[in-house]
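Chemist: Listed here are the chains, written in short residue letters.
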Amino acid sequence: MEGLLAFWSESGIANFTVGQIFMMGVGCLLLFLAIAKGFEPLLLLPIGFGAILANIPNAGFTDEGGLLYFAYHVGIETGIFPLLIFMGVGALTDFGALIANPKMLLLGAAAQFGIFATLLGAIGLNLIPGFEFSMQDAAAIAIIGGADGPTAIFLASKLAPDLLGAIAVAAYSYMALVPLIQPPIMKLLTTESERQIKMEQLREVSKKEKIIFPLMVLGLTILFLPAATPLVGMFCLGNLMRESGVVDRLSSTAQNELINIVTIFLGLAVGSKLSADKFLQVETLGILVLGAVAFGIGTATGVLMAKLMSKLSGGKINPLLGAAGVSAVPMAARVVNKVGLESNNQNFLLMHAMGPNVAGVLGSAVAAGVLLAVLG
Amino acid sequence: MEAISEQLTDALGIMILGMCLVFVFLSVLILAMKLVAKKYAPEPQEKKRNIALQPTASKPTVSPLMAAVIASAIHQHRQKA
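In order, the protein sequences belong to chains G and H. For reference, each letter of the first sequence is one residue, going 0 to 375 in numbering that gives the first Met the number 0. For reference, each letter of the second sequence is one residue, going 0 to 80 in numbering that gives the first Met the number 0.
Calculated from the structure, these hints are not laboratory results. You may find that some hints are simply not true.
[As the list claims (entries may be wrong)] Think about it this way: if two alpha-carbon atoms lie no more than 30 Å apart in a straight line, the pair counts; the simulated BS3-like pairs of lysine-lysine are:
id, chain 1, residue 1, chain 2, residue 2
1, G, K277, G, K102
2, G, K206, H, K33
3, G, K277, H, K37
4, H, K37, G, K197
5, G, K207, G, K36
6, H, K33, G, K36
7, G, K209, H, K33
8, G, K209, H, K37
9, G, K207, H, K79
10, G, K207, G, K277
11, G, K197, G, K209
12, G, K337, H, K38
13, H, K79, G, K315
14, G, K207, H, K37
15, G, K337, G, K157
16, H, K79, G, K206
17, G, K207, G, K197
18, H, K38, G, K197
19, G, K36, H, K37
20, H, K79, G, K310
21, H, K38, G, K102
22, H, K33, G, K306
23, H, K37, G, K186
24, G, K102, H, K79
25, G, K277, G, K209
26, H, K79, G, K209
27, G, K277, G, K306
28, G, K157, G, K310
29, H, K79, G, K306
30, G, K102, G, K310
31, H, K79, G, K197
32, G, K157, G, K277
33, G, K337, H, K37
34, G, K197, G, K315
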């Protein structure tokens with residue numbers, strides 16, 4: 000009998016708290032979104048499962064010595080996982096479209112306004128009782144507007160580790176929701192005739208240009224913004240491995256095996272931050288709302304900047320391209336292509352949108368560097 | 000309350016500074032890219048095509064005499080068969 004009682008007192012049923020059950024529900028919701036809806040499955044699936052594991056009573060996954068504890072401690076607290084992912088993204092990115100049309104960098108810059116506007120918004124939320132965001136917290140939340148998962152996790156792990164779970168979940172969910180969030184904003188800010196603008200074919204880009212580009216980006220970052228060099232440096236390393244053509248094995252590892260392995264552990268470790276005591280707070284709600292606002296503002300300023308450039312260039316630039324200035328590669332570019340096709344079924348904007356899209360990755364890394372330099 | 004308005008001013012400052020820095024950084028990058036493009040950009044496609052076409056058009060590799068010889072050789076060959 001005593002044995003049975005001991006067994007019962009160790010069982011999950013006897014130890015569940017309401018919060019844990021709720022957070023398991025959140026984990027299941029993420030799994031549902033990943034599996035049934037296909038939203039960012041590569042990340043939401045491990046994050047959702049991590050959330051379930053982290054909330055099992057008496058399993059000790061997140062206690063010192065547990066698997067998720069170490070995954071978080073080794074990979075995220077140190078910032079290593081997001082940086083390895085960034086190297087893989089660099090190896091996956093073709094800068095050809097941007098090199099052919101450097102002006103697109105301005106769109107990638109304009110879309111970062113979402114980040115800085117949200118910084119203001121997060122501090123403004125402090126006016127409501129119950130919210131107490133420090134400037135560091137606000138910056139970590141604001142970076143959600145950059146629509147770049149690894150950058151958001153990197154910055155949050157440096158500035159506001161307590162909010163990391165909510166920020167990572169918000170960043171990846173909104174990236175998955177790009178096809179729903181962006182089109183209404185894009186259509187609101189452009190006219191039918193603007194959406195129909197066709198763009199000239201991009202020029203060819205030489206191999207030398209592609210090899211020099213990552214080195215040049217790194218050089219400028221070293222000179223002006225050393226705080227961004229962890230992100231930009233790893234990104235450029237991945238890209239140089241890709242473009243140099245002499246280390247195909249390394250490049251293929253970075254963009255396949257390595258990024259996949261890191262994604263599994265990154266997802267689990269982020270999920271482990273979805274424990275009831277950390278996540279079920281009023282701040283989380285604020286973060287989710289602010290993240291959506293950040294995203295919307297970034298899209299809007301990108302489109303407005305593209306409109307301005309379109310006017311100045313005499314109607315050679317389709318303003319829809321501005322929406323691709325938030326990073327979210329390649330989702331945002333695909334959305335631009337889709338909305339463009341709705342207005343003119345002969346107008347393929349995908350290649351043109353890849354320019355501002357990869358510019359957005361650089362822009363959000365630079366913005367993260369600025370925030371780190373000012374607040375870190 | 001005062002603390003919040005102070006924070007708001009700080010945030011506004013960071014916003015302006017941040018946007019300026021992002022724009023300046025990426026603008027410098029644009030300039031640098033244009034410089035690199037000047038030196039290393041490949042020739043536009045049309046020019047290349049012209050260069051490739053010209054030699055075949057202006058320099059016939061088979062002389063008229065040779066062409067006549069070949070033509071008659073083919074003619075003879077066909078008659079044999």
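Chemist: Against each hint, give a clear statement of whether it holds in the structure.
Modeler: Against the structure, the hints come out as follows:
1. The hinted pair formed by G:K277 and G:K102 fails the criterion: a straight-line CA distance of about 43 Å is larger than 30 Å.
2. Our distance criterion of 30 Å between C-alpha atoms is met by G:K206 and H:K33, whose separation comes to about 15 Å.
3. Using a Cα cut-off of 30 Å, the hinted pair G:K277 and H:K37 is violated, with the two alpha carbons roughly 54 Å apart.
4. For the proposed pair H:K37 and G:K197, the alpha carbon gap of about 26 Å is at most 30 Å, so the pair holds.
5. This hinted pair does not check out: G:K207 and G:K36 have alpha carbons roughly 42 Å apart, beyond 30 Å.
6. Restraint check for H:K33 and G:K36: the C-alpha separation of about 43 Å exceeds 30 Å, so the hint is violated.
7. For the suggested pair G:K209 and H:K33, the alpha carbons sit about 13 Å apart, so the restraint of at most 30 Å is met.
8. Pair hint G:K209 plus H:K37 holds up; C-alpha atoms about 14 Å apart against a cutoff of 30 Å.
9. Between G:K207 and H:K79, the direct Cα distance comes to roughly 58 Å. Violation of the 30 Å bound is thereby established for this hinted pair.
10. Between G:K207 and G:K277 the CA atoms are separated by roughly 49 Å; this puts the pair beyond 30 Å, and the hint is violated.
11. Simply put, G:K197 and G:K209 have alpha-carbon atoms about 26 Å apart, close enough for the 30 Å limit, and the pair holds.
12. A C-alpha spacing of about 36 Å is found between G:K337 and H:K38, which places the hinted pair above 30 Å, so the restraint is violated.
13. Distance check on the hinted pair: H:K79 and G:K315 sit about 65 Å apart at the alpha-carbon level, beyond 30 Å; violated.
14. Annotation: proposed proximity of G:K207 to H:K37 holds, straight-line Cα distance about 12 Å (limit 30 Å).
15. Note on G:K337 and G:K157: the hinted pairing is violated, with a Cα-Cα distance of about 37 Å set against a maximum of 30 Å.
16. The suggested pairing of H:K79 with G:K206 is violated, with an alpha-carbon distance near 55 Å, which exceeds 30 Å.
17. As the CA atoms of G:K207 and G:K197 are separated by approximately 29 Å, the hinted pair is consistent with the 30 Å bound.
18. With a CA separation close to 29 Å, the supplied pair H:K38 and G:K197 stays within the 30 Å bound.
19. Straight-line distance between C-alpha atoms of G:K36 and H:K37 comes to about 47 Å, which puts the hinted pair past the 30 Å bound.
20. Between H:K79 and G:K310 the alpha-carbon distance is near 73 Å, which puts this suggested pair outside the 30 Å criterion.
21. Distance restraint check for H:K38 and G:K102: the Cα-Cα separation of roughly 18 Å lies within the 30 Å cut-off, and the hinted pair is therefore satisfied.
22. About 23 Å separates the Cα atoms of H:K33 and G:K306, which keeps this hinted pair within 30 Å; it holds.
23. At roughly 37 Å between alpha-carbon atoms, H:K37 and G:K186 are farther apart than 30 Å, so this suggested pair is violated.
24. The hinted pair formed by G:K102 and H:K79 fails the criterion: a straight-line CA distance of about 68 Å is larger than 30 Å.
25. A threshold of 30 Å between alpha carbons decides the hint, and for G:K277 with G:K209 the separation of about 44 Å lies outside it, so the pair is violated.
26. Proximity of H:K79 to G:K209 is assessed by CA-CA distance (about 60 Å); at most 30 Å being required, the pair is judged violated.
27. Restraint check: the Cα-Cα separation between G:K277 and G:K306 comes to about 42 Å, which exceeds 30 Å; the hinted pair is violated.
28. The suggested pairing of G:K157 with G:K310 is violated, with an alpha-carbon distance near 41 Å, which exceeds 30 Å.
29. About 74 Å separates the Cα atoms of H:K79 and G:K306, which puts this hinted pair outside 30 Å; it is violated.
30. Distance check on the hinted pair: G:K102 and G:K310 sit about 14 Å apart at the alpha-carbon level, within 30 Å; holds.
31. Pair hint H:K79 plus G:K197 does not hold up; C-alpha atoms about 61 Å apart against a cutoff of 30 Å.
32. Annotation: proposed proximity of G:K157 to G:K277 holds, straight-line Cα distance about 17 Å (limit 30 Å).
33. With a CA separation close to 34 Å, the supplied pair G:K337 and H:K37 exceeds the 30 Å bound.
34. Distance hint between G:K197 and G:K315 is fulfilled; the C-alpha atoms sit about 7 Å from each other, no more than 30 Å.
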